[in-house]
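Let the sequences and hints guide you as you build the complete structure.
Quick mapping for you: the protein sequence lines, in order, are chains W and C.
Per the working numbering, the very first residue in the first sequence carries number 1; after that it's consecutive.
Per the working numbering, the very first residue in the second sequence carries number 1; after that it's consecutive.
Everything labelled a hint here was simulated from the structure, so no lab data went into it.
Where a beta carbon is used, it is the ideal one built from N, C-alpha and C, also for glycine.
Check the hints yourself; a few may be wrong.
As the list claims (entries may be wrong) - Stretch by stretch, here's where chain W covers chain C in the computed footprint (C-beta under 8 Å, at least three residues):
(1) 40 to 52
(2) 149 to 162
Stated by the list, open to error - Label-pair distances were calculated between CB atoms; the ranges are:
(3) C:Gln58 - W:Asn77: 22 to 30 Å
(4) W:Pro16 - C:Pro228: 47 to 55 Å
(5) W:Leu53 - C:His136: 21 to 29 Å
(6) C:Arg51 - W:His32: 20 to 28 Å
(7) W:Asn77 - C:Asp35: 44 to 52 Å
Stated by the list, open to error - With a Cα cut of at most 30 Å, we get these calculated DSSO-like pairs of lysine-lysine:
(8) W:Lys31 - W:Lys75
(9) C:Lys238 - C:Lys145
(10) W:Lys139 - C:Lys139
(11) W:Lys139 - C:Lys145
(12) C:Lys238 - W:Lys31
(13) C:Lys238 - C:Lys139
(14) W:Lys139 - W:Lys31
(15) W:Lys119 - W:Lys75
(16) W:Lys139 - W:Lys119
(17) W:Lys139 - W:Lys75
(18) W:Lys31 - W:Lys119
(19) C:Lys145 - W:Lys75
So you can see what is in the structure, the chains are spelled out below.
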Amino acid sequence: MPRHDTLQRFEQAALPHTAAAYNLARWLTGKHEDAEDVVQEAFLRAYASFDSLRGDDVRPWLLTIVRHTAYTWLKRNRAGAPAEELDDNFADSRAPAADPETLLLASADASRVRAAVAKLPPDFRAAIVLREFEELSYKEIAAVTGAPMGTVMSRLTRARESLKRLLTAPSKGDRPQ
Amino acid sequence: MTCHETRAFLNAWLDDELDVSGALSLEQHMADCADCQRAREQAEALRAALRQPELRYQPAPDFTRRLHQSLQDATPRPRPVYAMWLAAAAVLVVLLGGLYLGRQSGQNSIAAQVLASHIRSLQVGHLTDVLSSDHHTVKPWFQGKLDFSPPVPDPPSADWTLVGGRLDYLDSRPVAALVYARGRHTVNVFVWPADGGSAHPATVQGYNILHFTRHGMTWWVVSDLNLPELSAFAQGLK
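See below:
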């Protein structure tokens, strides 16, 4: 088990990223209590393997463990909430949307956006959360999600197409396509 | 740049991931193309919608303090607060002290850590970092995470399954923890390079602990399984 001076070093490195860790866990698990449990467990794991971190950036490292813990948690505790079906390698060939869609997007309120993001499959949701909320680079997202850069790029593209579709759908009740 | 290319790189451009010359030619194209301009406006509107501050979930105000507390509890230093866990650990150390009478104190504390780690691993979500019954998946997973390559033996017989592995920390070093299961019995096998010594089996609070040295590795095997069956299991790990 780690020693006490390690605790101090770990906390200095990790605690500044608590909000990012919680936000990711909250988006992945969907519940406040679950997110707290996941982050707590992830931090304990990170703490136990802190010695193995050498000169790497703490935030992606920590978020990797959070994501991993959240996935393990999801697998164990849930059959899987219904998610949009997205393909990593889907090429979008539809025509560009009309102007009103920009207006719809611009006026989308937080609860509607939240519901749309929650519908994305976990890998796509993680990519969006890491990019838009944590402003991680593609390289960092690739490290956190364990996917190649190309996959990260296509997931972001697909996730954004899907969000656009969900947010510009004519009414809240209708599931687009 | 064509419309098609512009759309393909629009996200990368928006994310500042496009190289300078790519960004320039994309911007040039957009300046002359109303359709692509609209696509960009949409993408920016979506980004603005996503970046509304209230969409970012904030942890509870006391969450950092609670994290600090649980990290501190995981640090070996007597502390009255985390009563249940520490009290249990203290009782175990005393019990093991009796059981291992005459043995090195180092072994006592390792046995205590082994049991503590086993119990902790059975709490929700702690069991495995890599979940796979295939030792060709589990073994490479440890690569780069440990300063040695742990053996990942196949289960001794068909009624046993390899559940997965995880990193653990015992005896002041990172070690490999392998998890096997039969029915409702879970066995934790801890492996790290041997520095000699071995001990007889011990039974503590219904858990059985085996320790031996094999193939240059130190092995600790712990489970609630009865001692004869656990010994047979350990013998079968080749």
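The hints, checked one at a time:
{"no.": "1", "hint": "40 to 52", "verdict": "holds (count 11)"}
{"no.": "2", "hint": "149 to 162", "verdict": "violated (count 0)"}
{"no.": "3", "hint": "C:Gln58 - W:Asn77: 22 to 30 Å", "verdict": "23 Å, holds"}
{"no.": "4", "hint": "W:Pro16 - C:Pro228: 47 to 55 Å", "verdict": "52 Å, holds"}
{"no.": "5", "hint": "W:Leu53 - C:His136: 21 to 29 Å", "verdict": "27 Å, holds"}
{"no.": "6", "hint": "C:Arg51 - W:His32: 20 to 28 Å", "verdict": "22 Å, holds"}
{"no.": "7", "hint": "W:Asn77 - C:Asp35: 44 to 52 Å", "verdict": "45 Å, holds"}
{"no.": "8", "hint": "W:Lys31 - W:Lys75", "verdict": "15 Å, holds"}
{"no.": "9", "hint": "C:Lys238 - C:Lys145", "verdict": "23 Å, holds"}
{"no.": "10", "hint": "W:Lys139 - C:Lys139", "verdict": "26 Å, holds"}
{"no.": "11", "hint": "W:Lys139 - C:Lys145", "verdict": "21 Å, holds"}
{"no.": "12", "hint": "C:Lys238 - W:Lys31", "verdict": "44 Å, violated"}
{"no.": "13", "hint": "C:Lys238 - C:Lys139", "verdict": "14 Å, holds"}
{"no.": "14", "hint": "W:Lys139 - W:Lys31", "verdict": "28 Å, holds"}
{"no.": "15", "hint": "W:Lys119 - W:Lys75", "verdict": "17 Å, holds"}
{"no.": "16", "hint": "W:Lys139 - W:Lys119", "verdict": "25 Å, holds"}
{"no.": "17", "hint": "W:Lys139 - W:Lys75", "verdict": "26 Å, holds"}
{"no.": "18", "hint": "W:Lys31 - W:Lys119", "verdict": "14 Å, holds"}
{"no.": "19", "hint": "C:Lys145 - W:Lys75", "verdict": "23 Å, holds"}
The structure fails to meet hints 2 and 12 from the earlier list, while all remaining hints are met.
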